[in-house]
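There are 4 protein chains.
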Amino acid sequence: MAGNSFGEAFRITTFGESHGDGVGVVIDGCPPRIGLSPNDFMRDMLRRRPGSSGFDSPRKEEDRVEILSGVFEGLTTGAPITLFIRNRDADSKPYEILRRLFRPGHGDYTHFKKYGHFDFRGGGRYSARETAARVAAGVVAGKILGPLGIRVVAYTLELGGIKAEKNDLEFIEKNPLYCPDPMVTEQMEQAISRARREGDSLGGIAEVFVTGCPAGLGEPVFDKLDADLAKAVMSIGTVKGVEMGAGLAAARLKGSENNDALTPEGFSSNQAGGILAGISNGDEIVLRAAMKPIPSISQEQHTIDRQGRPGRLRFNGRFDVSAIPRVIPVLEAMVKIVLADHCLRSRMIT
Amino acid sequence: MAGNSFGEAFRITTFGESHGDGVGVVIDGCPPRIGLSPNDFMRDMLRRRPGSSGFDSPRKEEDRVEILSGVFEGLTTGAPITLFIRNRDADSKPYEILRRLFRPGHGDYTHFKKYGHFDFRGGGRYSARETAARVAAGVVAGKILGPLGIRVVAYTLELGGIKAEKNDLEFIEKNPLYCPDPMVTEQMEQAISRARREGDSLGGIAEVFVTGCPAGLGEPVFDKLDADLAKAVMSIGTVKGVEMGAGLAAARLKGSENNDALTPEGFSSNQAGGILAGISNGDEIVLRAAMKPIPSISQEQHTIDRQGRPGRLRFNGRFDVSAIPRVIPVLEAMVKIVLADHCLRSRMIT
Amino acid sequence: MAGNSFGEAFRITTFGESHGDGVGVVIDGCPPRIGLSPNDFMRDMLRRRPGSSGFDSPRKEEDRVEILSGVFEGLTTGAPITLFIRNRDADSKPYEILRRLFRPGHGDYTHFKKYGHFDFRGGGRYSARETAARVAAGVVAGKILGPLGIRVVAYTLELGGIKAEKNDLEFIEKNPLYCPDPMVTEQMEQAISRARREGDSLGGIAEVFVTGCPAGLGEPVFDKLDADLAKAVMSIGTVKGVEMGAGLAAARLKGSENNDALTPEGFSSNQAGGILAGISNGDEIVLRAAMKPIPSISQEQHTIDRQGRPGRLRFNGRFDVSAIPRVIPVLEAMVKIVLADHCLRSRMIT
Amino acid sequence: MAGNSFGEAFRITTFGESHGDGVGVVIDGCPPRIGLSPNDFMRDMLRRRPGSSGFDSPRKEEDRVEILSGVFEGLTTGAPITLFIRNRDADSKPYEILRRLFRPGHGDYTHFKKYGHFDFRGGGRYSARETAARVAAGVVAGKILGPLGIRVVAYTLELGGIKAEKNDLEFIEKNPLYCPDPMVTEQMEQAISRARREGDSLGGIAEVFVTGCPAGLGEPVFDKLDADLAKAVMSIGTVKGVEMGAGLAAARLKGSENNDALTPEGFSSNQAGGILAGISNGDEIVLRAAMKPIPSISQEQHTIDRQGRPGRLRFNGRFDVSAIPRVIPVLEAMVKIVLADHCLRSRMIT
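Taken in order, these protein sequences are the chains called A, B, C and D. Add 12 to a position in the first sequence, counting from 1, and you land on the number used in this note's numbering. Add 12 to a position in the second sequence, counting from 1, and you land on the number used in this note's numbering. Add 12 to a position in the third sequence, counting from 1, and you land on the number used in this note's numbering. Add 12 to a position in the fourth sequence, counting from 1, and you land on the number used in this note's numbering.
If we strip away everything but chain A, and leave its shape as in the complex, we get (with noise of 0.2 angstroms):
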């Protein structure tokens, strides 16, 4: 009944906390004789990491990945696989205020409503550090998805109210931005450190796109691919809005202008966004995903204790300015996952 788990066939549990010992998923479903070493999660969970834009927060995780089960000799047993991340720098006297103060915009208000005693030591369990689980998880996905051809990427659209208008893909491992067109990194990243400067931070929207992807994959009627891509999404914490193919642009078109139309070469348009009726139809499948501005500013704020009297609290933690760049592998990996999840659960893997 606990919400820690995610997906049927390749179904992963999460668990830890951002000053705790560190953060872990475990894998139940990853099929045998797969390879896998730590050194496989390096480059995610280099992305992944604070700081290794220049751009987010300065925080040093040093991010390695332990295999604590599931693995003999380089393969993969069928056995669950565990992967731990240790945490490292715990300094967690700044987060005493919280136990007195709820920060806006953050999960601590609910968690003491639902729970009554959490760990909010940098966000504990609802931080940002535990999609460094899906991340690695994301990474084992990845491995079941690539002998089938299937690829999926994810860019920065939108930060801070600028947008990408060119969508070059070769260009976004070349920018720590992640963003698609070269001509406006520069002012995303001048948003970013106006916004930094202001104690303030930025929103912004993320594309994903899957190459590959075959045709079959979505279970009719609620576990529908669109359906669990959209929870997938919607389950990180800064993701507000999630569309599919032309998405909310859709809503203001008319049935001939938005159907795609079948010929023998494959589809003639993609407003699908690769899918129809909940299954994939072979073509790319286009999502985004909308991402609030993180909710950690060091501008001072209007709060309530949790005898509910009012106060203020100015809170300099270590803080990203934008989710983005940091999410987009977190984006990536959900959006693997639930893809491996389909694609056992379409026993397109025996």
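Treat the hints with care, since some could be wrong.
Result set (DMTMM-like, lysine to aspartate or glutamate): computed pairs, CA atoms no more than 20 angstroms apart in a straight line [stated by the list, open to error]: (1) C:K266 - D:E198; (2) D:K266 - C:E201; (3) A:K155 - A:E78; (4) B:K105 - C:E85; (5) D:K155 - D:E85; (6) C:K266 - D:E312; (7) B:K266 - A:E210; (8) A:K125 - B:E277; (9) D:K266 - C:D212; (10) D:K125 - C:E296; (11) C:K266 - D:E210; (12) B:K266 - A:D212.
No lab work stands behind these hints: they were computed from the structure.
Since chain A is already given, all that's left is putting chains B, C and D on it; use the hints.
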């Protein structure tokens, strides 16, 4: 592994096809001693019924709900509740063409690719008809929410590009489009008429508004309340986007603008849409769903047959022009089902 | 959280009560393109039907299975299959006494304690009638197992203390008690007649034998094949014990006696009952279920009423004397359901 | 689809291998604000440890439980609790022979058939070592049951054919075999010594006795309390049979003998073993597990290699002679886990 169930503690499994015997739902987990009779379903089934508004499909569906199990002497027993809605009007001859040609924008192609064999008559399993079972289940969910003071209402924010500017909740039930703005309903109706004449269809945006929801619903980190709502709403065939609270707009705000300050009297604003870190915060829950224009249009369209050869399809079934207004009670139902499930999961009901 | 579903990949949800409209089952996860018609159910429904043997309840249940969903043009579609068996004979007047008094050995008392409100007519939800839905689901499971060469047969090892000493599988279907020993069936029949005259009931032991099961079914460490079989069998109301292979007798053997040696020709013995470490080993699967005497007897019994006051109950319903032979097809069905589920989970079927 | 999780509301997922880094468990669904510290685990981990009785394997396992997540300032938070028990003694050289030859009675052959690749060292995932994680989870389950007054105790009814005739619950903790009969423990010890000298092993029977369980636990019709207990107990590697209450003996009783009469003072007998129609009736819960002799013996055995060629195996590891007494705390743990799960499912805890 198949995906026809939704929910954990209040678990629904829908079944049935558009032109089969009927559609239905088994509800497992409904608490005992709740009054339930066939009449309880009439209002919502009527609202979902095509033709009820005069603006949609002229089909006449007499959607009487039979209670096949789980109720004894007018009260639920804790045993599974089975609701069944017989299909009345089942002329499937017009659909014979679909044995050969795939309709653009529909699930025909993907169902063929996934299953090889499927009931294509009227959309079969992926027909909007399936949502009748959801609406019926939503009525039972509402019986759980009612005594807790939780109320769910959905309405039309936008239809065919025409936006409601006013939010008069009183007016919603007074017009067949569930539009909260008396000034624009006529324009919306004209847009529908025009699209019908053109053999085309329209999309739109609906909002769901929940009052009376206590703080504490939602199970981090995957079964967050907003994540489950996103899945529930995205599992409705016509939905292509879901937003919580400020949604997409939050991506363009700063943290200092988007954070809802806490005061002794409650939150000073509701950008969050009533959910923080996946847990309800006691404020109103607000979400929006963007709906594509329904794919059934009577214009000729390009498509292919089962062998991949090109063809042209002009299909004159009995179509709605827009998912709105029929989808309004479906949205309400799905939100109610998620909330009832989380009330039970949180043990708010004992 | 409610428990009316069983299985993961081949998932059944039963519903319905003894004196309600009928009993039924939704099967989610059955592969598409399997031939299925109402006639397929006739043999097993007849075998389960009381009165079929002349030795049990004279009630006449015309157990015709209606297929309400999931089959199109004679083939399964991959959509949920709903099977419904209407109740014909529903005189519930004799049960009015149960509104007041609890029957010893029945679920009346526990259902009252758990739910406060329940359908007590003929046992309602906890009636043996519910097993009709299981048998129907077992027929569909059998359609999955058949092409794989897996065959499940159950028979009577012991009834009223009389043991079958011979195991003539040919003879099983030639006698109404499914007894494999021609020498003892008459004794068993006499025991039944005697118990009926005394207004009493009898227990017994049945064995299930599975041939053709490939090695590799079962998911360590909790969803082991034997663990799932134990649950499936113990979930039948009348069962009080389950043994795998040598079972209880293994507790008195030495390791050197109990280990099955491996040879190039296969295992040299089958103490394991075809399952090692929770995974099928390719040998025959053998399990036994011990059944209590059914609690419905016509002798006067001491009991209490809903207020806890003492009372005496003499209840003259229409009872079987023994769960055997009716339970035989139910046992077969549950074992088939577990095997079909694990074939799908192991992706032996694609 | 993989099977390493158990329970719905109190859900455990075990991981780890005998000769890997360690074994562990993630518990999802434990209520918040329960005191929990590493010391809480010491007693049960010690009881499960081989060598603790002087009658079993001389291996020294220092089974210290680390709490990796879910506890803050000594109290559970509602977040997943991860418990990890490092492996200390990991000489895996003796197991190299298992790369080639399958041990009779073990999971080597079936794991090879199912996965192709598996950690065979010391049984790897299917080692009794995995039960250390279950015992740790059982301690947490016990923390839920304790305040409700539910107490679970297991003891040895039979070992190597020697039966306890007396049931002195006081004596259980006073002897290393958890035998309730002071008159037979010496005989049991002699049987163990004799079997060890012969390089052989012994089976036995254990009983679990639950006091203080309220009426109302168990979810018909599949997640009956006895069905879930049967699965839980059968999922322990060594168990080949499970009986509830009168169990097998009930098969030889008449209904008039087996029905427990209700009286104003409670049930007049307890043939049912505390469960009626799958729901606890408020009486003591009684179940028995029959255990095979453990398959590890030091006598030479016939077997085959991975290519199916015959071979002989004499394997001198460090073995217990009998699963008893080590399995006693494992049985208690599994029963506690089932009960805690059903207490939460029944919302007996809020």
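Each hint tested on the structure:
As the CA atoms of K266 (chain C) and E198 (chain D) are separated by approximately 19 angstroms, the hinted pair is consistent with the 20 angstroms bound. This hinted pair checks out: K266 (chain D) and E201 (chain C) have alpha carbons roughly 15 angstroms apart, not beyond 20 angstroms. Of the supplied pair hints, the one linking K155 (chain A) and E78 (chain A) holds, its CA atoms being roughly 17 angstroms apart against a limit of 20 angstroms. Distance restraint check for K105 (chain B) and E85 (chain C): the Cα-Cα separation of roughly 14 angstroms lies within the 20 angstroms cut-off, and the hinted pair is therefore satisfied.
A threshold of 20 angstroms between alpha carbons decides the hint, and for K155 (chain D) with E85 (chain D) the separation of about 17 angstroms falls inside it, so the pair holds. Between K266 (chain C) and E312 (chain D) the alpha-carbon distance is near 14 angstroms, which keeps this suggested pair within the 20 angstroms criterion. For the hint linking K266 (chain B) to E210 (chain A), the alpha-carbon distance of about 10 angstroms falls within 20 angstroms, and the restraint holds. Taking the CA atoms of K125 (chain A) and E277 (chain B), the gap is near 16 angstroms; set against the 20 angstroms cutoff, the hint holds.
At most 20 angstroms may separate the alpha-carbon atoms for a hinted pair to count; K266 (chain D) and D212 (chain C) meet this at roughly 6 angstroms. The hinted pair formed by K125 (chain D) and E296 (chain C) meets the criterion: a straight-line CA distance of about 16 angstroms does not exceed 20 angstroms. At most 20 angstroms may separate the alpha-carbon atoms for a hinted pair to count; K266 (chain C) and E210 (chain D) meet this at roughly 10 angstroms. Of the supplied pair hints, the one linking K266 (chain B) and D212 (chain A) holds, its CA atoms being roughly 6 angstroms apart against a limit of 20 angstroms.
Every hint, counting from the list given before, is met by this structure.
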